[in-house]
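S.K.: Residues per chain, in single letters:
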Amino acid sequence: GDSVTQMEGPVTLSEEAFLTINCTYTATGYPSLFWYVQYPGEGLQLLLKATKADDKGSNKGFEATYRKETTSFHLEKGSVQVSDSAVYFCALIEGGAQKLVFGQGTRLTINP
Amino acid sequence: GAVVSQHPSWVICKSGTSVKIECRSLDFQATTMFWYRQFPKQSLMLMATSNEGSKATYEQGVEKDKFLINHASLTLSTLTVTSAHPEDSSFYICSASGTYNEQFFGPGTRLTVL
Chain A
1 GDSVTQMEGP VTLSEEAFLT INCTYTATGY PSLFWYVQYP GEGLQLLLKA TKADDKGSNK
61 GFEATYRKET TSFHLEKGSV QVSDSAVYFC ALIEGGAQKL VFGQGTRLTI NP
Chain B
113 GAVVSQHPSW VICKSGTSVK IECRSLDFQA TTMFWYRQFP KQSLMLMATS NEGSKATYEQ
173 GVEKDKFLIN HASLTLSTLT VTSAHPEDSS FYICSASGTY NEQFFGPGTR LTVL
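Here the protein sequences come in this chain order: A and B. Residue 8 in the numbering used here sits at position 8 of the first sequence, and the numbers go up by one each step. Residue 218 in the numbering used here sits at position 106 of the second sequence, and the numbers go up by one each step.
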């Protein structure tokens, strides 16, 4: 079945550091890929998405590129802020399917 | 973007009582709604998928009689935790999707069973 694997957390960085959170996936078809962010005590918010190979999703300084050859969708940000502290989930959905498949989540803490 | 609300945002109840959680799509028609459960510091576990006007489809291992899901209209789904026990304490999150299949998530409901 489809699956998503994220780098294990927690990840702790200093403000203005470069961020990478790795995400790889296994899917039988051509999924759409997502990054969601969950702030403490809240539900999930869509951060960015990509629907086909080589697409780059971007939002709030975060970027991720859909790499079919390496089945990856790594999340990056050039300079993190304290307000980026949250849990980040990588997810996929197969074309035509309804069910999102989530990675295990990566907790990110940014220290001032 | 589309807005999904949940009510209540938190609830505390006694063991053996039932609790109903509402999920509403505020500005779009949700043909499909999803219910997730999230344990502390863990990922989301899909409990069930419901399409408006039909019975919910439960994931393996989720008790249908324990977690009753109703999706009676295109803007409202409810999850009722029946005869709740402390092990049912968790964070419950709903999501809704409409025409374009993208899921929009509610803010979650924290259930504590004493």
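Calculated directly from the structure, the hints in this document are not laboratory data. Errors might be hidden in some of the hints.
[Stated by the list, open to error] Derived lysine-lysine pairs resembling DSS-like cross-links, with alpha carbons at most 27 Å apart:
| # | chain 1 | residue 1 | chain 2 | residue 2 |
| --- | --- | --- | --- | --- |
| 1 | A | K99 | B | K126 |
| 2 | B | K153 | A | K77 |
| 3 | A | K49 | B | K153 |
| 4 | B | K132 | A | K99 |
S.K.: Hints first: check each against the structure and report whether it holds.
M.R.: Now the hints, each set against the structure:
no.	hint	in the structure
1	A:K99 - B:K126	33 Å, violated
2	B:K153 - A:K77	23 Å, holds
3	A:K49 - B:K153	23 Å, holds
4	B:K132 - A:K99	24 Å, holds
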